[in-house]
Amino acid sequence: QKEVEQNSGPLSVPEGAIASLNCTYSDRGSQSFFWYRQYSGKSPELIMSIYSNGDKEDGRFTAQLNKASQYVSLLIRDSQPSDSATYLCAVMPGGYQKVTFGIGTKLQVIP
Amino acid sequence: GAVVSQHPSRVICKSGTSVKIECRSLDFQATTMFWYRQFPKKSLMLMATSNEGSKATYEQGVEKDKFLINHASLTLSTLTVTSAHPEDSSFYICSARSAGEGTEAFFGQGTRLTVV
Numbered sequence: 001q002k003e004v005e006q007n008s009g010p011l012s013v014p015e016g017a018i019a020s021l022n023c024t025y026s027d028r029g030s031q032s033f034f035w036y037r038q039y040s041g042k043s044p045e046l047i048m049s050i051y052s053n054g055d056k057e058d059g060r061f062t063a064q065l066n067k068a069s070q071y072v073s074l075l076i077r078d079s080q081p082s083d084s085a086t087y088l089c090a091v092m093p094g095g096y097q098k099v100t101f102g103i104g105t106k107l108q109v110i111p
Numbered sequence: 001g002a003v004v005s006q007h008p009s010r011v012i013c014k015s016g017t018s019v020k021i022e023c024r025s026l027d028f029q030a031t032t033m034f035w036y037r038q039f040p041k042k043s044l045m046l047m048a049t050s051n052e053g054s055k056a057t058y059e060q061g062v063e064k065d066k067f068l069i070n071h072a073s074l075t076l077s078t079l080t081v082t083s084a085h086p087e088d089s090s091f092y093i094c095s096a097r098s099a100g101e102g103t104e105a106f107f108g109q110g111t112r113l114t115v116v
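Taken in order, these protein sequences are the chains called A and B. For the record, in the first sequence the residue sitting at position 89 is 89 according to this note's numbering, with numbers rising by one throughout. For the record, in the second sequence the residue sitting at position 112 is 112 according to this note's numbering, with numbers rising by one throughout.
Treat the hints with care, as some may be off.
Unchecked claim - Under the rule of at most 30 Å between Cα atoms (straight-line distance), these lysine-lysine pairs were calculated in the BS3-like manner:
no., chain 1, residue 1, chain 2, residue 2
1, A, K106, B, K41
2, B, K64, A, K42
3, A, K2, B, K14
4, B, K66, A, K2
5, A, K67, B, K20
6, A, K56, B, K55
7, A, K42, B, K14
8, B, K66, B, K20
9, A, K2, B, K64
10, B, K42, A, K42
11, B, K64, A, K98
12, A, K42, A, K106
13, B, K20, B, K55
14, B, K55, A, K2
15, B, K20, B, K64
16, B, K20, A, K42
17, B, K14, A, K67
18, B, K41, B, K20
19, B, K42, A, K98
20, A, K67, B, K42
21, A, K98, B, K55
22, B, K14, A, K106
23, B, K64, B, K14
24, A, K56, A, K98
25, B, K41, A, K98
26, B, K55, A, K42
27, B, K41, A, K42
28, A, K2, B, K42
29, B, K14, B, K42
30, A, K98, A, K42
31, B, K66, A, K42
32, A, K56, A, K106
Said to hold, decoys possible - Have a look at the derived ranges for each label pair, beta carbon to beta carbon:
no., chain 1, residue 1, chain 2, residue 2, range
33, B, Q109, A, E57, 25 to 33 Å
34, B, E87, A, S69, 35 to 43 Å
35, A, G16, B, S83, 51 to 59 Å
36, B, S15, A, A68, 51 to 59 Å
37, A, K98, B, V3, 29 to 37 Å
38, A, R60, B, T103, 22 to 30 Å
39, A, D58, B, V116, 40 to 48 Å
40, B, M45, A, P10, 16 to 24 Å
It is worth saying that the hints were derived from the structure and are not from the lab. Computed from a predicted structure; not experimentally measured. Cβ atoms here follow ideal geometry from the backbone N, Cα and C, with glycine treated the same way.
Whenever a hint applies, use it, and build me the whole structure from the sequences.
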């Protein structure tokens, strides 16, 4: 079982719709969770971090964490073509420094 | 977010030569820096973790004598690819985080290395 699992996609949504990206992780002791966006040929850019159960909103982005079910998700409201990118889920276990990344989900927002 | 500067962004070198890549945290002290490698359409592969003033911890399968990492200060880490070969061509990315559990890591712009 991979430590951090994501569907590689592509996930296609029409412009203006809500894009829902999901991620599951295997280490139940994980404490910190991050979503990064990576455009083709570029390095990842931090979008959201979340540390406790529930929702965290920042603009059009909402991160959701459920530690009991070991999943974290990212919702993008009012999706724009500029949101088209690969979204990486990253998990850091408590007490450790190393961040483990999922393979990333490619999102395509269709105009 | 915090700024991490990586240089150069692109480099082409001949087989057998060495290439040094720099990673600087511009507005915070990076107690830990990570070096990743990414192949096209693949996820990030952690190569090594470095803490300021100590030896880097390499991931399994990464040759420490080939990929030399130095983290001499709280704002600078370097990766040197020694005796580069075409199979070392890749996208190398550094990230840095400050002290404290759970703090986010910020990425440099990445370096596209092509060995000819």
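Status of the hints after comparison with the structure:
1. The straight-line distance between the Cα atoms of A/K106 and B/K41 is roughly 10 Å, inside the 30 Å bound, and the hint therefore holds.
2. Restraint check for B/K64 and A/K42: satisfied, since their Cα atoms lie roughly 26 Å apart, inside the 30 Å limit.
3. Straight-line distance between C-alpha atoms of A/K2 and B/K14 comes to about 37 Å, which puts the hinted pair past the 30 Å bound.
4. About 28 Å separates the Cα atoms of B/K66 and A/K2, which keeps this hinted pair within 30 Å; it holds.
5. For the hint pairing A/K67 with B/K20, the CA-to-CA distance comes to about 41 Å; that exceeds 30 Å, so the pair is violated.
6. The hinted pair formed by A/K56 and B/K55 fails the criterion: a straight-line CA distance of about 37 Å is larger than 30 Å.
7. For the hint linking A/K42 to B/K14, the alpha-carbon distance of about 24 Å falls within 30 Å, and the restraint holds.
8. Of the pairs offered as hints, the one joining B/K66 and B/K20 holds, with about 12 Å between alpha carbons and a cut-off of 30 Å not exceeded.
9. For the given pair, A/K2 sits about 25 Å from B/K64 by alpha-carbon distance, which is consistent with the 30 Å threshold.
10. Using a Cα cut-off of 30 Å, the hinted pair B/K42 and A/K42 holds, with the two alpha carbons roughly 13 Å apart.
11. Between B/K64 and A/K98 the alpha-carbon distance is near 18 Å, which keeps this suggested pair within the 30 Å criterion.
12. Distance restraint check for A/K42 and A/K106: the Cα-Cα separation of roughly 14 Å lies within the 30 Å cut-off, and the hinted pair is therefore satisfied.
13. Distance check on the hinted pair: B/K20 and B/K55 sit about 17 Å apart at the alpha-carbon level, within 30 Å; holds.
14. For the proposed pair B/K55 and A/K2, the alpha carbon gap of about 28 Å is at most 30 Å, so the pair holds.
15. Under the criterion of a C-alpha separation no larger than 30 Å, the hint pairing B/K20 with B/K64 is consistent with the structure, at around 14 Å.
16. Between B/K20 and A/K42 the alpha-carbon distance is near 19 Å, which keeps this suggested pair within the 30 Å criterion.
17. Our distance criterion of 30 Å between C-alpha atoms is broken by B/K14 and A/K67, whose separation comes to about 49 Å.
18. Distance hint between B/K41 and B/K20 is fulfilled; the C-alpha atoms sit about 25 Å from each other, no more than 30 Å.
19. Restraint check: the Cα-Cα separation between B/K42 and A/K98 comes to about 19 Å, which is no more than 30 Å; the hinted pair holds.
20. For the proposed pair A/K67 and B/K42, the alpha carbon gap of about 27 Å is at most 30 Å, so the pair holds.
21. Straight-line distance between C-alpha atoms of A/K98 and B/K55 comes to about 16 Å, which keeps the hinted pair within the 30 Å bound.
22. A C-alpha spacing of about 34 Å is found between B/K14 and A/K106, which places the hinted pair above 30 Å, so the restraint is violated.
23. As the CA atoms of B/K64 and B/K14 are separated by approximately 21 Å, the hinted pair is consistent with the 30 Å bound.
24. Distance hint between A/K56 and A/K98 is fulfilled; the C-alpha atoms sit about 23 Å from each other, no more than 30 Å.
25. Pair hint B/K41 plus A/K98 holds up; C-alpha atoms about 22 Å apart against a cutoff of 30 Å.
26. Taking the CA atoms of B/K55 and A/K42, the gap is about 28 Å. The hint holds against a cut of 30 Å.
27. Distance check on the hinted pair: B/K41 and A/K42 sit about 12 Å apart at the alpha-carbon level, within 30 Å; holds.
28. For the suggested pair A/K2 and B/K42, the alpha carbons sit about 15 Å apart, so the restraint of at most 30 Å is met.
29. For the hint linking B/K14 to B/K42, the alpha-carbon distance of about 25 Å falls within 30 Å, and the restraint holds.
30. Of the supplied pair hints, the one linking A/K98 and A/K42 holds, its CA atoms being roughly 21 Å apart against a limit of 30 Å.
31. Annotation: proposed proximity of B/K66 to A/K42 holds, straight-line Cα distance about 25 Å (limit 30 Å).
32. Between A/K56 and A/K106, the direct Cα distance comes to roughly 22 Å. Compliance with the 30 Å bound is thereby established for this hinted pair.
33. At about 28 Å, the beta-carbon gap between B/Q109 and A/E57 stays in the expected band of 25 to 33 Å.
34. A beta carbon spacing of about 41 Å between B/E87 and A/S69 agrees with the range 35 to 43 Å that was offered as a hint.
35. For the pair A/G16 and B/S83, the supplied restraint of 51 to 59 Å holds, since their beta-carbon distance comes to about 52 Å.
36. Against the hinted window of 51 to 59 Å, the Cβ-Cβ separation of B/S15 and A/A68 comes to about 52 Å, which satisfies the hint.
37. Between A/K98 and B/V3 the CB atoms are about 22 Å apart, so this pair departs from the stated range of 29 to 37 Å.
38. Taking the beta carbon of each, A/R60 and B/T103 are about 24 Å apart, inside 22 to 30 Å as hinted.
39. As the Cβ distance of A/D58 to B/V116 is approximately 43 Å, the hint placing it in 40 to 48 Å holds.
40. As the Cβ distance of B/M45 to A/P10 is approximately 22 Å, the hint placing it in 16 to 24 Å holds.
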